[in-house]
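> If you want the building blocks of each chain, they are given just below.
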Amino acid sequence: MKRALAIVALLALTVLVLAGSRTVAPAPAQDEPRFAAYDVCIDSGSAPLAAWQVEIVASSGRAKLVGVEGGDAGAFAAPPYYDPKALMSERIVLAAFDTGSALPSGRTRVARLHVEVQGAAEPRFEARVVAAASRDGRTIDVSVEVRP
Amino acid sequence: MDRRREDDPKLPASLETGLGELFRPRAGERTELDQRVARAAREHFDARRRVLPGPGNPPFARTWALRAAAVLVLALGGWVLVRSISNGLRTQDVARADRDGNGRVDVLDAFQLAREVERGVAEARWDVDGNGRVDREDAHAIAVLAVRIGS
Amino acid sequence: MDSERTDAELVRAAAAGDEGAFDALYARHRDWVFALALRSTGRRDEALDVAQEAFVELLERLDSPGGLVLTGSLRAYLRPIVRHRAIDAARRAGREPRAETALEELLDRVAVEAGGAADLARVLRGLPSEQRELVLLRFVDGFELAEIAETLALPLGTVKSRLHQALANLRGDPRVARFLDPEG
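Chains as they are written, first to last, in my numbering: chain A, 1 to 148; chain B, 149 to 299; chain C, 300 to 483.
For reference, chain A alone in the conformation it holds in the complex (with noise of 0.2 Å):
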């Protein structure tokens, strides 16, 4: 019974040790990690966007952000507000706002996301709006999307 115990206990302990070693036993090719780049773009319609707020969540696929650049040139290429600590997690919540002139309206790439993605699955992020605002400060609706 004992021998059996020690047994059952040896192999328990390795298969843990391989588990946790990443120098005995190196991933597979197709589970190292790749980097993509995702756009977050903001639909506020005819309104001129002057403040916006995003919350962002890995919702399917392995993937870790690893960097926020800004949007497209004008009031938000410099790269959003961000808590560094949503670096290699997998939630993120984005913010900028301008009290500039040169507002844009329609469709506007405001950041890009650098995504490291483990696996072959392509990961999907839900994003949501938490606020917006025009030039007067009046709160506006808006819509937000992540794609690659």
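For the record, the hints were derived by calculation from the structure and aren't laboratory data. Among the hints, a few may not be true.
Cβ-Cβ distance ranges computed for the label pairs, FRET-style [said to hold, decoys possible]:
#1 B:S162 <-> A:E126: 50 to 58 Å
#2 C:R477 <-> B:R281: 44 to 52 Å
#3 C:E308 <-> A:S60: 27 to 35 Å
#4 B:Q183 <-> C:A392: 18 to 26 Å
#5 B:A186 <-> A:R62: 32 to 40 Å
Virtual Cβ for every residue (Gly too), placed ideally from N, Cα, C.
Using the hints provided, position chains B and C relative to the given structure of chain A.
Only chains B and C this time, still in chain A's reference frame:
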């Protein structure tokens, strides 16, 4: 026509060198960067060596030492995060930054303050970062709060 | 020889505790990291800080849970780190974190100096920003065309056509005549 050359155009070497020179670190800068990074690398790898057993030790011990180190780092990181102050703001400042009183701090609070600062009508009570003046930095501080994960 | 090892191999070795592998990575990427930091901040002292922070962050990520495994160049990985650190630096200094503005201010400063560098700075300043970025990525940072396409999330064909246009603009500018080889 060389197809490869057409696809991947080259610049004359002197022009490429000239462009590179515009942004290359100067000798003094290169030396300073080398020293700074070498110091950081030395500290990093020394710390690893203190935590990890030597290369002659079995991978089993090495793996568990790594795991223990990871747990320690995570625990310490978690503690630091809990104790951390975002951009010099305390947690109770979050309520103070809720400009429009809608129960959460979001970019609209920052935007509203930025507009008031630009018009010169921002009130002293919106000195969110407590530096004695109300300026664009306060709007910046609110925006940082708005995107904070877990806030 | 470290010079023969790929970035991915060196990262793997550094993550396993090989300090020499990290040194090799640093030597390989130092100059372009500084160049990108300088373009992103527009200031040499800040560029030094940003480049240092980028390499320190790389060190930290080597030890992150799950480790850091690269399949290709480290450049695509380091670039956003440098950009983010530059943004942090700009915000700390109370400036708008716009890399494009920082670069243009830097070029403006160089443009008033004497010598050929000033001419080049003026020519670069005059290029459309999209073309300028491609020229810098390709000929200053040494990115391959495919890497540029991946980094900027542009189709490879778009990268090629924009780069062709940029080079045509460069070659056609009389201020760069002194840099052109006879066969160029």
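> Evaluate each hint against the coordinates.
Against the structure, the hints come out as follows:
1. B:S162 <-> A:E126: 50 to 58 Å: holds (52 Å)
2. C:R477 <-> B:R281: 44 to 52 Å: Given about 51 Å between the Cβ atoms, the range holds.
3. C:E308 <-> A:S60: 27 to 35 Å: holds (32 Å)
4. B:Q183 <-> C:A392: 18 to 26 Å: holds (24 Å)
5. B:A186 <-> A:R62: 32 to 40 Å: Hint holds: Cβ distance 35 Å, inside 32 to 40 Å.
The structure is consistent with each of the numbered hints, conforming to all of them.
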